[in-house]
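Protein sequences appear in the order of chains H and F. Residue numbering for the first sequence follows the numbering used here, starting at 216 and increasing by one per position. Residue numbering for the second sequence follows the numbering used here, starting at 121 and increasing by one per position.
Keep in mind that the hints were calculated from the coordinates and are not lab data. Values in this document were obtained by computation on a predicted structure and should not be read as measured data. Note that beta-carbon positions come from the ideal geometry of N, C-alpha and C, so glycine has one too. One should not assume that every hint holds.
Unchecked claim - Heads up, simulated SDA-like pairs for lysine to any residue below, C-alpha to C-alpha not over 25 Å straight-line: (1) H:Lys217 - F:Gly160; (2) H:Lys257 - F:Arg164; (3) H:Lys257 - F:Gly173; (4) H:Lys257 - F:Thr174; (5) H:Lys328 - F:Gly220; (6) H:Lys217 - F:Asp146; (7) H:Lys282 - F:Thr230; (8) H:Lys217 - F:Gly123; (9) H:Lys257 - F:Asp146; (10) H:Lys271 - F:Ser204; (11) H:Lys257 - F:Tyr184; (12) H:Lys257 - H:Lys282; (13) H:Lys257 - F:Thr230.
What the hints assert, rightly or not - Example chain H residues on the side facing chain F (calculated, C-beta under 8 Å, incomplete): (14) Leu261; (15) Gly274; (16) Phe276; (17) Gln279; (18) Ser288; (19) Arg309; (20) Ser312; (21) Leu317; (22) Phe319; (23) Gly320; (24) Gly322.
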Amino acid sequence: QKEVEQDPGPLSVPEGAIVSLNCTYSNSAFQYFMWYRQYSRKGPELLMYTYSSGNKEDGRFTAQVDKSSKYISLFIRDSQPSDSATYLCAMSFRGSSNTGKLIFGQGTTLQVKP
Amino acid sequence: IAGITQAPTSQILAAGRRMTLRCTQDMRHNAMYWYRQDLGLGLRLIHYSNTAGTTGKGEVPDGYSVSRANTDDFPLTLASAVPSQTSVYFCASSDSGRMGTFFGQGTRLTVV
Chain H
216 QKEVEQDPGP LSVPEGAIVS LNCTYSNSAF QYFMWYRQYS RKGPELLMYT
266 YSSGNKEDGR FTAQVDKSSK YISLFIRDSQ PSDSATYLCA MSFRGSSNTG
316 KLIFGQGTTL QVKP
Chain F
121 IAGITQAPTS QILAAGRRMT LRCTQDMRHN AMYWYRQDLG LGLRLIHYSN
171 TAGTTGKGEV PDGYSVSRAN TDDFPLTLAS AVPSQTSVYF CASSDSGRMG
221 TFFGQGTRLT VV
């Protein structure tokens, strides 16, 4: 079993839909949780960064962390065709020397159709 | 524009050849990383450096070496390339104690 599980999709939605992307993990020691967006043949781009449990909102994006269930989510409201990309969840352990040592999910490919 | 520069952007390499992937960052981040991305496996950490002069092994270090002579540069060397090292390689950096790890645009390497 992988430490971080993410459904690879693909996920196809109409423009304007609310998108829900999810990851589960097995190691309760993870403390930092991130979502990255990756366009085809580009590097991952940091979207959201949360510490421990709770919600964080940034524009159309909301990240949720439920440590008791070992489950994280990214919600995209009013989805746009420009949101079509692969979304990667990533996690790391506590400690300043660990924050960049990320464990990634496989990524979910999202397509938003006009 | 500040960020991470990787070179080359793509390369076809004969098996057994030596290759160095270059990475430079201008954000003055103290930590740097090399990841590889493979279909179905996601991104995996190869080597890292928490500060200039120090390096460490990640999840998949075999066949790779790194050095960190200064803050800005973090080259990754394949001493004798094998086909299983065909992958997309990403360099990344972060500032310890601050949020976020930032990635370069990648080097697409094919070993034949």
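* To do: Kindly indicate which numbered hints from before are broken by the structure, ordering the numbers from low to high.
  => 3, 4, 5, 6, 7, 8, 10, 12, 15, 16, 17, 18 and 19
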